[in-house]
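Chain by chain, the residues run as shown.
Number of protein chains: 2
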Amino acid sequence: MQFNLNLSSDMLRRTPAALASLLESTAEAWARGTEGPETFSPFDVVGHLIDGEETDWIPRARIILARGKEPRFEPYDRFRHRARNADRSLSSLLAEFARLRAANLELLRSWRLTGAELDLAGIHPSLGRVTLRQLLAAWVVHDLGHLAQVARVMAKQYREQVGPWVPYLPVLTDHDVPRS
Amino acid sequence: MQFNLNLSSDMLRRTPAALASLLESTAEAWARGTEGPETFSPFDVVGHLIDGEETDWIPRARIILARGKEPRFEPYDRFRHRARNADRSLSSLLAEFARLRAANLELLRSWRLTGAELDLAGIHPSLGRVTLRQLLAAWVVHDLGHLAQVARVMAKQYREQVGPWVPYLPVLTDHDVPRS
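Protein chains in written order, with my numbering: chain P, 779 to 958; chain U, 779 to 958.
Everything labelled a hint here was simulated from the structure, so no lab data went into it. Since the model is a prediction, treat every value here as computed from it, not as a measurement. Some clues are possibly wrong.
No copy labels: a pair is met if it fits in one copy or bridges any two.
[Stated by the list, open to error] Taking lysine to any residue and the SDA-like style, the derived pairs with C-alpha atoms no more than 25 angstroms apart in a straight line are:
(1) Lys847 with Val955
(2) Lys847 with Asn784
(3) Lys847 with Pro837
(4) Lys847 with Ser904
(5) Lys847 with Trp943
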C-alpha cells in the first residue's frame, strides 16, 4: 500500500471514536489493567496518545516544514502522561484526545502538503533522517499499534476466566515479554 | 479480574461499534489487506465474527443449557465466511454483525443466568470440558483478539511507508509467523 495523505488523515480521524467505543464508561479493571510492570493500561495509552498530539507528531512536522539548517526533533517522553494525568478520569482524557486530534487534523489539512513537502526530512534523535511522509505514516501505524495494544491488554484481564481456551486465543499470549 | 456477566455483555456490545469506527467506508487496501497467505483481512474478520454469532457462541451456550447427556459442541468452521460472503460489501457485513450481536445479547440477557447455570459444562470437540462461564469469557476475549488483529493487519499495510521507524512500532513485527 502506497502512502496516501487523505487516507492517512481519514485513519487518524477514526482513532478517538474507536477508543471511545471500547473504553467510555468501561470497568476500572479493564481501564486500568496492564500486561505487567512497566506496561501501559488502556488509561495510560490514551494519555500517551495525548502526549503524541501535544509533543510529537505535529511539533515534529512543524520542525520539518520550518526548513531550518538542523531540523532536529526534541526527544519524546513516553512517560509524560503519568504525572500529567494522575488525577484525571478516563472519560475526560478520551474527550481531550478527540479534541486535540481534531484540531491537529484540521491544521494538517490547512497545510495542503505537496509531494515535495512530504519529501522534506527532519532528524530523529535516534533514528536519524526521516521524511515528513514517513513521520505521517508512523503516526497512523502508532495509532493502530496502540489500538491493538488496548484490545490485547483488555483481553488479558480475562485470561484466567477462559479455562482451557488459552491456546485457541493467541491474543492472551502475545507480548508475553513486553515489546513496546 | 473475575468473570462478570454484566461486564462481559457490556464488552460484547461494544465490538460492532469499535469495528465500524475503524472500517466503515475505509479504503480497499485497508479492508482487504492481510498478513500473508492464509491470514485474515479485516473483511474476513468481520465475516468470521458473523460466523461466531450464527454457529459458535450462542449455539454452544444452548447446548450447555439444554442439559443433555452428551452436551457436545459442533466443530466450528473457521472458513465458513469465505464462500458465504464472496459477493458482500464490508459495510453490509458490519451492519449484519451489529444486528446479530444485538439479538444474541438480548437473548443472553433474557436467560437471566444464575451462578449454577454458569457452572454447567459442555464438551468442546478438542478442548474437552468447558463451562458456560468459560465459554462466555472466551467470547469476550475472542472479540478483543480479533479487534487487535484488525488494527495490526491495517498497521502492516503501511509497513513500507514508515522508513526507519519499524523497530519503534512493534505492531509491524507482531505475528511475523501467523498465530491464529
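Hints and how they fare:
1. Lys847 with Val955: neither (41 angstroms within a copy, 43 angstroms between copies)
2. Lys847 with Asn784: neither (29 angstroms within a copy, 58 angstroms between copies)
3. Lys847 with Pro837: Only inside one copy: Lys847 and Pro837 sit 17 angstroms apart there, 65 angstroms across copies, limit 25 angstroms.
4. Lys847 with Ser904: within (18 angstroms within a copy, 64 angstroms between copies)
5. Lys847 with Trp943: This pair counts as between: shortest inter-copy Cα distance 23 angstroms, intra-copy 57 angstroms.
Checked against the numbered hints given earlier, this structure breaks hints 1, 2; the rest are met.
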